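> Use the sequences and the hints to build the structure in full.
Numbering-wise (our numbering), the sequence shown opens with residue 1 and increments by one.
Worth flagging that the hints you see were computed from the coordinates, not collected in a lab. No experiment lies behind these values; they were computed from the predicted model shown. Cβ atoms here follow ideal geometry from the backbone N, Cα and C, with glycine treated the same way. Careful, some of the hints might be misleading.
Computed beta-carbon distance windows for the label pairs [claimed, not checked]:
1. 183 <-> 360: 24 to 34 Å
2. 250 <-> 140: 18 to 28 Å
3. 91 <-> 254: 50 to 60 Å
4. 85 <-> 411: 34 to 44 Å
5. 136 <-> 267: 17 to 27 Å
6. 409 <-> 183: 47 to 57 Å
7. 142 <-> 194: 28 to 38 Å
8. 169 <-> 372: 15 to 25 Å
9. 35 <-> 354: 22 to 32 Å
10. 453 <-> 411: 14 to 24 Å
11. 308 <-> 269: 15 to 25 Å
12. 250 <-> 88: 51 to 61 Å
13. 171 <-> 267: 34 to 44 Å
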Amino acid sequence: MDRDDARGSGRGCGLRRVGVALGLGLLTITCGTGEPPLAALDELRLPSGALLTPDGGWLFVTNSNLDREEESSALVVLDVARLEQAIAKADGDALPTAERPCRQGVDHVECAARFFLDPERSRRLPSGAGNIALDRPFGEAGPLRLMIPSRLDPSVTWLDVDVGTDGPAIDCGEDGERRCDDAHTLRRFKNNPSGNLMPSEPARLVVGAPGTRYALLPQLLGQGLSVIALDGPEGPALINTDGDFFLEDPYVDGRFGGFSVAQRGCDPGAPVTGSQDCAWPYFYATHRYQPAIGALALDNFGFVRSLGNYGLLDLNVYSVQDRPFTGDLAFEDSAAQERLLVVHTTPPGLARVDTRLGADMRPRNEVTHSVSLCRNPNVLAIDRPLDREPTAYVSCFGDDQVAAVALAAFVVVATIPVGDGPNELVIDPGRRWLYVVNTPEESISIVELDHSSPQRHTEIARIGRYE
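Put into structure tokens, the structure is as follows:
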């Protein structure tokens, strides 16, 4: 799985991807001397996470700065409505300009990212920014709250966003250089200056379902699973870390890790065992270095209560040299929340896990279906159109592809070529688009999802450095 250097070391630092996806696994970083410049706010630079506003008008993107070539990461804001108009008007092969920011390429439309990014709306974050989780502390009609973990400077930044008619107004206590302040950056236990630091290498942050006022944050390279209370007196706060949750790599002593978390629903009329009659929210987490998931509940004080680990593959882990084993996960059926989809990074595949309750009111946690995918799959997104069967999309970093799995038949119906190093995936239900964040290429692919389109499951546009 080894790949070449992601980016040159023009500002004194270099980044090498080692074995697994950039931003998802091991990195080797070398830095020279000299002060790095401020993070650019008008370009895509090693983008890692993305989130579409509920109205579909704006796409938030995190520039990770995993190569440390700049002083920090950045949150940039892409005007999707303007992008849609520009794609429709694309023609010719001239370099993009402000008046015509997209051109017609050989295989797809090519758009220069800088014409759709507004530096005034962008913010600077701690280095290593990853996925963007959405919280709604003010209700469905109120402002959004974005929560963004950072790996290189272990922390979580929270930003309040009011999406008005003039576009998103972002507040993170930013200074004159648009750097979010310390009050909006979680680094220590209960935000206490003398409290324990957040564990290193945070992975994907997941906000609980409505009514669950916690977020969970696995440690990518460690045993820790951290709990963030979302309604602290001064905003979110790190309140607990289970330092012994994730399982050890059976092949490499001392290597542990998790990747992501998914919350299972609970029916008070038939509560799952371990949930205290649904008073304790119930979750699953993926072990990065074991082919398994772990079940857990959060008690009334936000402490993690481990409820067992469940293997997902009939696999001799000592005979498999490639790592990691397990990636993203999500419930296939957003209403019933009984069929859990889990990405296997090694060997590459997607599994369906039956979490229906048995006679003892414990989840079965049995794999009922599995399908092979392209190499090094990691991140999962599910498209649930109202009038069609759902489709799961999985980004395959190793093959520069996205796999499409029709969930009714549980078969791969398309393997879609995209940019170099696909990572985060975002569904745009209104436009019937899939945004694919290509981290090392510093671009975003747009894949057509409309069943009525002859271009369905093809890349129709790419936003990047066309200058």
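> So, for every hint listed, does it hold in this structure?
Going down the list of hints, with the structure as the test:
One distance hint, 24 to 34 Å for the beta-carbon pair residue 183 and residue 360, is violated here, with the actual separation near 47 Å. At roughly 45 Å, the beta-carbon separation of residue 250 and residue 140 lies outside the given 18 to 28 Å, and the hint is violated. For the pair residue 91 and residue 254, the beta carbons lie near 57 Å from each other, so the given range of 50 to 60 Å is met. The hinted range of 34 to 44 Å is satisfied by residue 85 and residue 411, whose Cβ atoms lie roughly 36 Å apart.
A beta carbon spacing of about 23 Å between residue 136 and residue 267 agrees with the range 17 to 27 Å that was offered as a hint. Roughly 50 Å separates the CB atoms of residue 409 and residue 183, a value that falls within the hinted 47 to 57 Å. The hinted window of 28 to 38 Å between residue 142 and residue 194 holds, with their beta carbons roughly 34 Å apart. About 46 Å separates the C-beta atoms of residue 169 and residue 372, a value inconsistent with the hinted range of 15 to 25 Å.
Range check, residue 35 to residue 354: about 54 Å between beta-carbon atoms, so the 22 to 32 Å window is missed. One distance hint, 14 to 24 Å for the beta-carbon pair residue 453 and residue 411, holds here, with the actual separation near 21 Å. About 24 Å separates the C-beta atoms of residue 308 and residue 269, a value consistent with the hinted range of 15 to 25 Å. Roughly 52 Å separates the CB atoms of residue 250 and residue 88, a value that falls within the hinted 51 to 61 Å.
For the pair residue 171 and residue 267, the supplied restraint of 34 to 44 Å holds, since their beta-carbon distance comes to about 38 Å.
Hints 1, 2, 8, 9 from the earlier list are contradicted by this structure; the remaining hints agree with it.
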